[in-house]
Amino acid sequence: MNLSPSFPDYYVSNFFFRRTAMSPRIVFRAFFCFLTVCDKPATGPSSAPPDVSASFTSPTGGCGNFVLYKHDSLYTRFVVVNTLYDSLPIDTAYRTFSLPADSHLISVRIDAYPFADGRQYTGCFFYCTDIIMCPLGNVTPVKWNAVSGSIHVRRGEMKQTGFFSDYSVFLDINGMTFEDSLGQKEYIGHLDFDSAAVGWLPG
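Using the working numbering, the letters of the sequence shown map in sequence onto residues 130 to 332.
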């Protein structure tokens with residue numbers, strides 16, 4: 130009796146044996162890939178919002194009780210810090226406030242005006258309600274509101290002159306992300322608002 134397998138049977142059984150012998154290795158590779166990155170789609174690096182700190186080069190402007198602002202060289206973009214002194218617990222020692230947790234006490238935003246060159250407004254007092262403001266006409270800026278970051282602030286000594294009380298504010302913002310109504314973002318890593326005289330003049 131011929132006990133050797135027929136030609137087709139030999140290759141069928143041999144093929145099955147090889148596939149069966151390899152199957153643990155295949156299973157292991159599939160499991161390894163599942164735990165790592167073999168079958169995961171490649172993703173590009175997350176894009177960080179642009180850091181626009183260096184564009185705000187002006188001296189600090191300020192007024193009211195209180196508003197601080199800095200602008201770019203063309204007077205088209207302003208960083209504006211706004212609060213009410215009576216509501217903000219600051220003294221002559223620095224304090225740190227965080228956004229959004231302290232947004233009920235202090236707010237920061239970027240105003241982007243639609244004109245290409247605002248240097249005709251040189252010397253104007255922006256964002257002040259206790260003096261005559263520059264006539265900007267029907268110009269509405271695009272607002273980028275701060276959604277995260279920290280504010281480091283202190284005040285100088287209070288000075289009283291007649292009806293006018295004024296004081297200096299020393300403030301910087303750090304690691305601050307801004308977002309517009311479309312969800313676009315900008316970032317300020319660090320920006321100093323050097324000493325600015327603020328206060329309130331009744332009238």
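These are calculated hints, taken from the structure and not from any lab test.
Please note: incorrect hints may appear among the correct ones.
Label pairs and their calculated CB-CB ranges [said to hold, decoys possible]:
#1 Ala230 to Lys272: 18 to 24 Å
#2 Thr251 to Ser176: 34 to 40 Å
#3 His319 to Glu286: 33 to 39 Å
#4 Gln313 to Thr221: 24 to 30 Å
#5 Thr221 to Pro178: 20 to 26 Å
#6 Pro188 to Asp220: 23 to 29 Å
#7 Pro178 to Ser232: 15 to 21 Å
#8 Ala222 to Tyr316: 36 to 42 Å
#9 Pro178 to Ser236: 16 to 22 Å
#10 Ser202 to Thr225: 15 to 21 Å
#11 Tyr223 to Asp309: 27 to 33 Å
Cβ atoms here follow ideal geometry from the backbone N, Cα and C, with glycine treated the same way.
Against the structure, the hints come out as follows:
no.	hint	in the structure
1	Ala230 to Lys272: 18 to 24 Å	holds, 20 Å
2	Thr251 to Ser176: 34 to 40 Å	holds, 36 Å
3	His319 to Glu286: 33 to 39 Å	violated, 26 Å
4	Gln313 to Thr221: 24 to 30 Å	violated, 38 Å
5	Thr221 to Pro178: 20 to 26 Å	violated, 34 Å
6	Pro188 to Asp220: 23 to 29 Å	holds, 25 Å
7	Pro178 to Ser232: 15 to 21 Å	holds, 19 Å
8	Ala222 to Tyr316: 36 to 42 Å	violated, 28 Å
9	Pro178 to Ser236: 16 to 22 Å	holds, 19 Å
10	Ser202 to Thr225: 15 to 21 Å	violated, 30 Å
11	Tyr223 to Asp309: 27 to 33 Å	holds, 30 Å
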